[in-house]
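Participant: Same order as they appear, the protein sequences are chains A and B.
Start counting the first sequence at 1; every next residue gets the next number (our numbering).
Start counting the second sequence at 134; every next residue gets the next number (our numbering).
Keep in mind that a hint or two might mislead.
[Unchecked claim] Listed next, the in silico DSS-like pairs over lysine-lysine satisfying Cα-Cα at most 27 angstroms (straight line):
| no. | chain 1 | residue 1 | chain 2 | residue 2 |
| --- | --- | --- | --- | --- |
| 1 | B | K245 | A | K115 |
| 2 | B | K241 | A | K8 |
| 3 | B | K241 | B | K193 |
| 4 | B | K166 | A | K115 |
[As the list claims (entries may be wrong)] Some chain B residues judged to face chain A by a derived CB distance under 10 angstroms, without partners named:
| no. | residue |
| --- | --- |
| 5 | T177 |
| 6 | P180 |
| 7 | T201 |
| 8 | G209 |
| 9 | M211 |
To be clear, the hints were calculated from the coordinates, so they are not data collected in a lab.
Ideal Cβ positions, reconstructed from N, Cα and C, are used throughout, including at glycine.
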Amino acid sequence: MTGASSIKAGDSLPPFVIESVSPDTMRDWSVFLADPNPIHLDVEVVKAKGLGDKRINQGPINVAYLMNMLMAAFPGCRIESMDSRFLDNVYEGDRAVASGEITAVEGNRVSCDLKLDVDGRGTVNAGTATIII
Amino acid sequence: MEDFLPAPDVAGTSLDGTAIFTIDADENAALCKSTGLEPASDGTAHPIYYYIATQVAMGKSVAGVCETCEFDVEDGPMMGSSGVRFAQQLMVGQDYRVTGEILSLVRKKSRKLGVMDVLTYRLRLHPAEGGDAVLETDNVWVLPRKELAA
Numbered sequence: 001m002t003g004a005s006s007i008k009a010g011d012s013l014p015p016f017v018i019e020s021v022s023p024d025t026m027r028d029w030s031v032f033l034a035d036p037n038p039i040h041l042d043v044e045v046v047k048a049k050g051l052g053d054k055r056i057n058q059g060p061i062n063v064a065y066l067m068n069m070l071m072a073a074f075p076g077c078r079i080e081s082m083d084s085r086f087l088d089n090v091y092e093g094d095r096a097v098a099s100g101e102i103t104a105v106e107g108n109r110v111s112c113d114l115k116l117d118v119d120g121r122g123t124v125n126a127g128t129a130t131i132i133i
Numbered sequence: 134m135e136d137f138l139p140a141p142d143v144a145g146t147s148l149d150g151t152a153i154f155t156i157d158a159d160e161n162a163a164l165c166k167s168t169g170l171e172p173a174s175d176g177t178a179h180p181i182y183y184y185i186a187t188q189v190a191m192g193k194s195v196a197g198v199c200e201t202c203e204f205d206v207e208d209g210p211m212m213g214s215s216g217v218r219f220a221q222q223l224m225v226g227q228d229y230r231v232t233g234e235i236l237s238l239v240r241k242k243s244r245k246l247g248v249m250d251v252l253t254y255r256l257r258l259h260p261a262e263g264g265d266a267v268l269e270t271d272n273v274w275v276l277p278r279k280e281l282a283a
């Protein structure tokens with residue numbers, strides 16, 4: 001997308017697509033987060049806890065997908081604030097799509113609604129953000 | 134009148150950290166690429182480090198926060214929401230430290246989870262050398278109280 005003069009409330013942001021959520025990424029993030037919770041690493045643990053039969057993506061990765069969507073839509077932007085609610089898990093192999101819609105433009109400050117959807121299960125993360133473009 | 138005891142009174146518990154967190158350039162690059170993004174070339178780090186830096190360098194581990202709330206981390210804390218307000222962008226190579234506190238722990242009953250405690254805590258990330266926070270984040274976790282589900 002381009003500058004503030006060419007965007008308006010109601011405009012959709014280009015989606016950011018993760019074709020298949022990777023268990024390798026979960027392993028890397030367990031190091032980044034210093035959190036070796038096995039539900040992100042070991043399918044057998046997920047099964048034993050009754051949480052399904054696939055590894056569960058760490059929540060902050062899902063937030064990062066939403067941030068990536070914003071930064072791809074507005075290269076060079078700065079996120080001023082962001083809130084997100086975790087509505088459901090994202091699992092290994094899921095196809096996830098981060099998308100958004102502009103709700104207000106005030107000068108170079110743009111407010112957006114955000115969501116992360118996974119194929120077959122709908123919205124798993126939803127929130128808002130204000131960015132400076 | 135609810136038929137369970139209130140949650141432990143932990144509001145105000147300090148989460149100030151003593152560790153220094155530095156966003157490593159190679160790790161930032163790996164993190165960006167792991168989510169399908171090229172790292173920035175201007176020295177800024179991926180903004181998701183708001184969560185990573187504050188969690189890693191706060192004064193208690195995730196298990197320690199749960200223990201403060203009299204909750205076993207093995208029972209599966211769940212992220213409810215996360216919010217952040219940035220005063221500055223995060224920079225690769227910058228040293229940061231964390232201050233923060235638990236804001237509330239509220240016991241509720243939900244149709245889906247039964248009895249649960251809703252934990253809200255606030256963390257701030259400061260330049261290690263001192264100065265105002267570069268960000269403030271509020272996180273909400275849900276702690277399902279299976280033992281109180283009967």
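Participant: Work down the list of hints and note, for each, if the structure agrees.
Facilitator: Structure-based check of all given hints:
1. B/K245 - A/K115: Given pair B/K245, A/K115 holds - Cα atoms ~22 angstroms apart, limit 27 angstroms.
2. B/K241 - A/K8: Violated, at roughly 41 angstroms.
3. B/K241 - B/K193: holds, 24 angstroms
4. B/K166 - A/K115: holds, 21 angstroms
5. T177: Hint on B/T177: holds, closest Cβ of chain A at ~8 angstroms, below 10 angstroms.
6. P180: Cβ of B/P180 sits 5 angstroms from chain A, so the hint holds.
7. T201: violated, 17 angstroms
8. G209: Given a least distance of 7 angstroms, the restraint on B/G209 holds.
9. M211: holds, 7 angstroms
When held up to the earlier numbered hints, the structure conflicts with 2 and 7 and fits the remainder.
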